[in-house]
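Protein chains: 2
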Amino acid sequence: MANSQFKFELIAQDGNARAGVFQTPHGDIPTPIFAPVGTQATVKSLTQKHLHELDAKLILANTYHLYLRPGDDLVGEMGGLHTFMGWDGPILTDSGGFQVFSLSDMRDVDEEGVTFKSYIDGSTHRFTPERSIEIQENLGADIMMAFDECAEPYDRDYSESAMHRTHRWAERCKGAQTREDMALFGIVQGGVFPELRKMSAEKIASLNFPGNAIGGLSVGETKEEMHAMIELVNAILPEDKPRYLMGVGTPPDLVEGIKRGIDIFDCVLPTRLARHKAAMTDMGRMNLVNAQYARDERPISETCSCYTCQNHSRAYIRHLIQAKEMLAGTLISIHNIHTLLSLARQLREAIINGKFDDFAYNYLVNYNE
Amino acid sequence: MANSQFKFELIAQDGNARAGVFQTPHGDIPTPIFAPVGTQATVKSLTQKHLHELDAKLILANTYHLYLRPGDDLVGEMGGLHTFMGWDGPILTDSGGFQVFSLSDMRDVDEEGVTFKSYIDGSTHRFTPERSIEIQENLGADIMMAFDECAEPYDRDYSESAMHRTHRWAERCKGAQTREDMALFGIVQGGVFPELRKMSAEKIASLNFPGNAIGGLSVGETKEEMHAMIELVNAILPEDKPRYLMGVGTPPDLVEGIKRGIDIFDCVLPTRLARHKAAMTDMGRMNLVNAQYARDERPISETCSCYTCQNHSRAYIRHLIQAKEMLAGTLISIHNIHTLLSLARQLREAIINGKFDDFAYNYLVNYNE
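Chains as they are written, first to last, in the numbering used here: chain A, 1 to 369; chain B, 1001 to 1369.
Honestly, I wouldn't trust all of these hints.
[To be verified] The list that follows gives simulated cross-link-like pairs (lysine-lysine, DSS-like), each with its CA atoms no further than 25 Å apart:
#, chain 1, residue 1, chain 2, residue 2
1, A, 241, A, 117
2, A, 277, A, 324
3, B, 1007, B, 1174
4, B, 1241, B, 1355
5, A, 241, A, 7
6, A, 174, A, 7
7, A, 49, B, 1049
8, A, 355, A, 49
9, A, 223, A, 198
10, B, 1198, B, 1241
11, B, 1355, A, 277
12, B, 1355, A, 49
13, A, 241, A, 198
14, A, 324, B, 1223
15, A, 324, A, 355
16, B, 1007, B, 1241
17, A, 223, A, 355
18, B, 1324, A, 277
19, B, 1223, B, 1355
20, B, 1324, A, 49
21, A, 324, B, 1049
22, A, 117, B, 1007
23, B, 1241, B, 1174
24, A, 277, A, 49
25, B, 1198, B, 1223
26, B, 1324, A, 324
27, B, 1198, A, 324
28, A, 174, A, 241
29, B, 1277, B, 1049
30, B, 1174, B, 1198
[Stated by the list, open to error] Using C-beta positions, here's what the derived DEER-type ranges look like:
#, chain 1, residue 1, chain 2, residue 2, range
31, A, 49, B, 1292, 23 to 31 Å
32, A, 276, B, 1168, 32 to 40 Å
33, A, 109, B, 1310, 38 to 46 Å
34, A, 25, B, 1122, 57 to 65 Å
[As the list claims (entries may be wrong)] If we take Cβ atoms under 7 Å as the criterion, some of the chain A residues that face chain B in the derived model are:
#, residue
35, 70
36, 310
37, 311
Source of the hints: derived by calculation from the structure; they are not laboratory data. Positions of the beta carbon are idealized from the N, C-alpha and C atoms, including for glycine.
Excised from the complex, chain A in its bound form (with noise of 0.2 Å):
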């Protein structure tokens, strides 16, 4: 498959942080960037229009919820998840490999595929590559995932096979492409095993695909052995593709990440936290529902210039809290996302200046986890 739309191009590095640029059908994505996750065709809680002001440039879509919810034949039909949902910048779209195993409480994996109950009514359901593909060619994103077998971190003998498989099914992946607008990645897999990272690392980067991806990560394991992974894959991944780390995205995780030469993240935390009233800064988490915020006129952090901070107290948002009101879960989310969005800008320029260590260094020592 020539995806002659896709081009990535290296615009500055410092030491293994890498700043660029991957040119897409609806959009350039500079990159280091951070993708807000819209599992259902929506960013919780915000609009297009928060997103465009927020200056998004990729999100995400999972393809496991959308297939049965509202279908991809649907999404399909209505123009494809771009004019479905509103968003005319890049998309990217996961195979559901991951929710299937995580959220399926029955499935049953064979060479072929995986069988597994819909969450919604416990329906019968059957994903494998090559439906994974077709499901992702109708909803039409910019750039789509193989599907991968998710293995427990832990379990030698279960990663091994499950990244062996996950081999043979990316060039599954490979051949049932049909669409040349958009872009299909291969996923590492490996557990926590170097043998095994770095033997998937080869495969996978011996695919050529358009970009690569590290699956299999922050899913239970310490922060030392997702860094170890990560240094050790990305020693094998070409340098000419985009690296993506799959479902990682704390503020540390970005730094860390981008410090060892990844270009895309994306993450639920920013929403799933605003949904419990917390809120992501540089300097660690607050939980907003706390009594002392009460009589707070200050923003969330006065040096954000996120729409909430230039505009609301944190005694505001606690009220809202309080209250139970929508208006909380909004707020919140801007203000996580801008977070996220804008430190990933940050280093990038960083990277670019010929600073990365000083900042990372610096974000670093001030963040409390």
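Assemble chain B onto chain A, guided by the hints.
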């Protein structure tokens, strides 16, 4: 109390319909106008930026709710409602009277005031006319309302005694006012009884408030009764003061009220219907959960210029409803509030152009209740 910052200028009349401008310290309010309701200092699911984009010129907040949570003292300390909620346009607060009588299971009314239990925690509280003004002055809106007693509309004896008490309380509210930068409006009561409404309108008119309201309607009476009461009261209320019909707000209610000389409306309907997945349109209500909209690529209304209709299909909004996504409520609220604000703007234009009757007739003929 000399309210020199408040001036009402009538710029056109067409029959009994009036177009005017009410000047307040936070900006001019073109009338007729619909005021979205922000019960707890937030118009449910919308940011204040959404309200500005909708060109809302006046919003309402509820004294009863804000007194109980977060407390009018806290709002006052934070600089008053405008600063607290980040809204720099005109705000109106009600007196708390309606909620004391409608939300409190246990209440005890005497000549001095009302003792009631909090709907939040059952604690005991007391409002008097003087206390209502004190609380409203702490909240610091542009327009505040006299504390009134709301009777059952069909109980003649109760309506009469409540009306007389409302008159005595109106005088006490006037005496209690200390802030010149807030306008206190009087409220006409009297249920569905013409002789009571007439007596009440005469009494309230004689107190020379900078604006007058009609309370106790849209509480179970027929439309014919409501229209008759409005006509009768507006024939007595002074022409050079704005007239506010409290808690009324379907599209036909706006047309019928404006036809009879009403200038200001408020209602929770647009946001409440949005939470129940119903859109308000110029043709009637539309239940967006219906299966017929699953693949409907059209906007809610093809003639609507709101953000929702300019960007999203019925199919997408129905998907958001099915998926229980918050964005559904936000998008429908934007559309519903736009419908009422836009209708008021069109009616104002028709009055100025001397075409009110034609516009009203065509609108009502095409509207299906």
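Hints, verified against the model:
no. : hint                       : in the structure
1   : A:241 / A:117              : violated (36 Å)
2   : A:277 / A:324              : holds (10 Å)
3   : B:1007 / B:1174            : holds (18 Å)
4   : B:1241 / B:1355            : holds (23 Å)
5   : A:241 / A:7                : holds (8 Å)
6   : A:174 / A:7                : holds (18 Å)
7   : A:49 / B:1049              : holds (11 Å)
8   : A:355 / A:49               : violated (33 Å)
9   : A:223 / A:198              : holds (18 Å)
10  : B:1198 / B:1241            : holds (17 Å)
11  : B:1355 / A:277             : violated (51 Å)
12  : B:1355 / A:49              : violated (37 Å)
13  : A:241 / A:198              : holds (17 Å)
14  : A:324 / B:1223             : violated (34 Å)
15  : A:324 / A:355              : violated (43 Å)
16  : B:1007 / B:1241            : holds (8 Å)
17  : A:223 / A:355              : holds (24 Å)
18  : B:1324 / A:277             : holds (19 Å)
19  : B:1223 / B:1355            : holds (24 Å)
20  : B:1324 / A:49              : holds (20 Å)
21  : A:324 / B:1049             : holds (20 Å)
22  : A:117 / B:1007             : violated (66 Å)
23  : B:1241 / B:1174            : holds (16 Å)
24  : A:277 / A:49               : holds (22 Å)
25  : B:1198 / B:1223            : holds (18 Å)
26  : B:1324 / A:324             : holds (17 Å)
27  : B:1198 / A:324             : violated (42 Å)
28  : A:174 / A:241              : holds (16 Å)
29  : B:1277 / B:1049            : holds (22 Å)
30  : B:1174 / B:1198            : holds (21 Å)
31  : A:49 / B:1292: 23 to 31 Å  : holds (28 Å)
32  : A:276 / B:1168: 32 to 40 Å : violated (50 Å)
33  : A:109 / B:1310: 38 to 46 Å : holds (45 Å)
34  : A:25 / B:1122: 57 to 65 Å  : holds (59 Å)
35  : 70                         : holds (4 Å)
36  : 310                        : violated (9 Å)
37  : 311                        : holds (4 Å)
When the structure is compared with the earlier hints, violations turn up for hints 1, 8, 11, 12, 14, 15, 22, 27, 32, 36 and for no others.
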